[in-house]
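> Below, each chain spelled out in residue letters.
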Amino acid sequence: MTEVLQWNDGALVREVERLSGTAVSACFQCHKCSTGCPIGPDMDLLSSQIMRLVHLGAEQDVLESQAIWLCASCEACTTRCPQGIDIAAVMDALRMLAVERKAALPDAHGEQFNRSFLSSVRHHGRVFELGMMAAYKLRSGDVFSDVDKVPQMLGKGKLSFWPRRSNVKQVRDMFRRAQQEDEPA
Amino acid sequence: MRYAFFPGCSLESTAWDFARSTQAVCQALGIEVEEIPGWVCCGSTPAHGTSASLALALPVFNLQKARAMGRPVLTACASCYARLRTANHAVRHDPKEKQRAARITNQPYDGSVEVHHILDVLVNHLGLDVVRAAVKRRLSGLKVACYYGCLLTRPPEVVAFDDAEHPTAMDRLVAALGAEPIDWPYKTECCGASLSMTHADIVSRLSHRLVAMARCAGAACIAVACPLCQVNLDMRQADARKNHGELPETPVFYITQLVGLALGLSPEQLGLNALSVRPDGLLEQLPMPVVSQQGMENCSCCCDAAAEEPRNRSRGTVPIFAAGGRENGTVPFGRAGGSR
Chain G
3 MTEVLQWNDG ALVREVERLS GTAVSACFQC HKCSTGCPIG PDMDLLSSQI MRLVHLGAEQ
63 DVLESQAIWL CASCEACTTR CPQGIDIAAV MDALRMLAVE RKAALPDAHG EQFNRSFLSS
123 VRHHGRVFEL GMMAAYKLRS GDVFSDVDKV PQMLGKGKLS FWPRRSNVKQ VRDMFRRAQQ
183 EDEPA
Chain Z
254 MRYAFFPGCS LESTAWDFAR STQAVCQALG IEVEEIPGWV CCGSTPAHGT SASLALALPV
314 FNLQKARAMG RPVLTACASC YARLRTANHA VRHDPKEKQR AARITNQPYD GSVEVHHILD
374 VLVNHLGLDV VRAAVKRRLS GLKVACYYGC LLTRPPEVVA FDDAEHPTAM DRLVAALGAE
434 PIDWPYKTEC CGASLSMTHA DIVSRLSHRL VAMARCAGAA CIAVACPLCQ VNLDMRQADA
494 RKNHGELPET PVFYITQLVG LALGLSPEQL GLNALSVRPD GLLEQLPMPV VSQQGMENCS
554 CCCDAAAEEP RNRSRGTVPI FAAGGRENGT VPFGRAGGSR
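These protein sequence lines map, in sequence, to chains G and Z.
Start counting the first sequence at 3; every next residue gets the next number (the working numbering).
Start counting the second sequence at 254; every next residue gets the next number (the working numbering).
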């Protein structure tokens, strides 16, 4: 945490505000977001601490935290923030920045899940859950968790063996154009 | 009342019972729904955590398809609901977002298609009086914890059909079915949602907390309106018990399944066999439909009420919470003849 004591030019705040479209700099550290966060007990940094570290330009501390990937996007913080900051959107922006700047992820499961999910959408137009779960397990190496649930889910008709495809070409085109939009000008 | 139905990916797989019960209830209540042809995934949480452009374009693509049908959209999945409403909100309030959506989808969209959740439609569009009048089998004595989860009421400027911190729509609906919604503090606490795949240990902790609190507050079952809430509270309930201590078996229904039961629809029509925690024991104790093929002898509403022992004694699980279960022996539950 030595980095936080250094002078910073506000570049991180500006970048996060641009990506999230919300005024991170308005945070006055009331900690209401952290108090109501259901995942708080499992996080290495609380949401209010992340907001402050963004102010201080402590890029490495924030982008390499586990907390930004543990956020479940339940929006309790966003709803309750007295300054009207969309804190869940800040978490989204930090996840995007962490991937873009190739930060060392302490726990890559969240990123691997996102990639597996979106790859399924890109290939089929809709999520093919069995394929998505298999892809995630291969990516993460977490092969054995929840395998006991699979027979039960198959038995109850909750997993299909085949994808249901829909508008695949248009979806692929949208993925391509969205990527172009996201590239920094 | 006519709607364009957006099922979403979960309702085609893990939550097929939510889709079936939603359609059965709409049919029974005269709500006309037609699936949006060629709908695609809304992007859900992975899209908005990865690309703001994708999180905008995927919902807009679906809304454009619904606009061609000339009907408002009806969804049942709370996550799809929030994503579609969020995209609408962005397009309506930010001209730049509107242009960006048009560039990515190759089609203009002005945010004019309204998006509604099935709960909103039943409570506010159709109205509780209509629901009450259609009830054939009152769910008398059934104590229900109504669990809204996160995305049905948040953020309030985007979804806005109920109070963000203390919603009541589902409670009022459950009361209209003759059941008893219990008061409890975790109505809008998050279950961990998609962390279910990546951090099952956290979801297990959160589900245990939620189910335990519902039981402490006196509920016998939980009603939800989101596929992920259902999976996390129902399918992961056994894990929660294993990891965090004893928990009575607590069925977790989709709200549409409870509505369907009250409308006299069969368990098959509502997909009740897809639930992990079997609700059979609980449903046996409900009054039978007013017109029963078995005749009225040994009916559950008036016969043998006094002979019944308090029902948590006869349940398989040991009640661990003093306030939980149903100590009240005056509730006229009987064994419903021939229901199984």
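Check each hint, because a few of them may be wrong.
Said to hold, decoys possible - Simulated pairs of lysine-lysine, DSSO-like, Cα-Cα distance not exceeding 27 Å:
no., chain 1, residue 1, chain 2, residue 2
1, Z, Lys318, G, Lys139
2, G, Lys158, G, Lys171
3, G, Lys171, Z, Lys495
4, G, Lys104, Z, Lys318
5, Z, Lys318, Z, Lys349
6, Z, Lys495, G, Lys158
7, G, Lys171, Z, Lys351
8, Z, Lys351, G, Lys151
9, G, Lys171, G, Lys151
10, Z, Lys318, Z, Lys351
11, G, Lys104, G, Lys158
By construction, these hints were calculated from the structure, which means they are not laboratory data.
Bear in mind that the values here come from a model prediction, so they are computed numbers and not experimental data.
> Compare the distance between the alpha carbons of Lys318(Z) and Lys351(Z) with 27 Å, and conclude whether the hinted pair is satisfied.
Holds, at roughly 16 Å.
> What's the verdict on Lys104(G) and Lys318(Z), does the C-alpha distance respect the 27 Å limit or exceed it?
Outside the cut-off at roughly 37 Å; violated.
> Given the hinted pair Lys495(Z) and Lys158(G), is their Cα-Cα distance within 27 Å?
holds (22 Å)
> Take a quick look at whether Lys318(Z) and Lys139(G) sit within 27 Å of each other, Cα to Cα.
violated (34 Å)
> Please verify whether Lys171(G) and Lys151(G) have alpha carbons no more than 27 Å apart.
violated (33 Å)
> Under the criterion that the straight-line Cα-Cα distance not exceed 27 Å, is the pair Lys351(Z), Lys151(G) satisfied?
violated (42 Å)
> Is it true that the CA of Lys318(Z) sits at most 27 Å from the CA of Lys349(Z)?
holds (22 Å)
> With the threshold set at 27 Å, check whether the alpha-carbon distance from Lys171(G) to Lys495(Z) stays at or below it.
violated (45 Å)
> Starting from Lys158(G), check that the Cα of Lys171(G) is at most 27 Å away, please.
violated (32 Å)
> Starting from Lys171(G), check that the Cα of Lys351(Z) is at most 27 Å away, please.
The given pair, whose Cα atoms are some 22 Å apart, holds under the 27 Å limit.
> Is Lys104(G) within 27 Å of Lys158(G), Cα to Cα?
violated (41 Å)
Checked against the numbered hints above, the structure breaks hints 1, 2, 3, 4, 8, 9, 11 and satisfies the rest.
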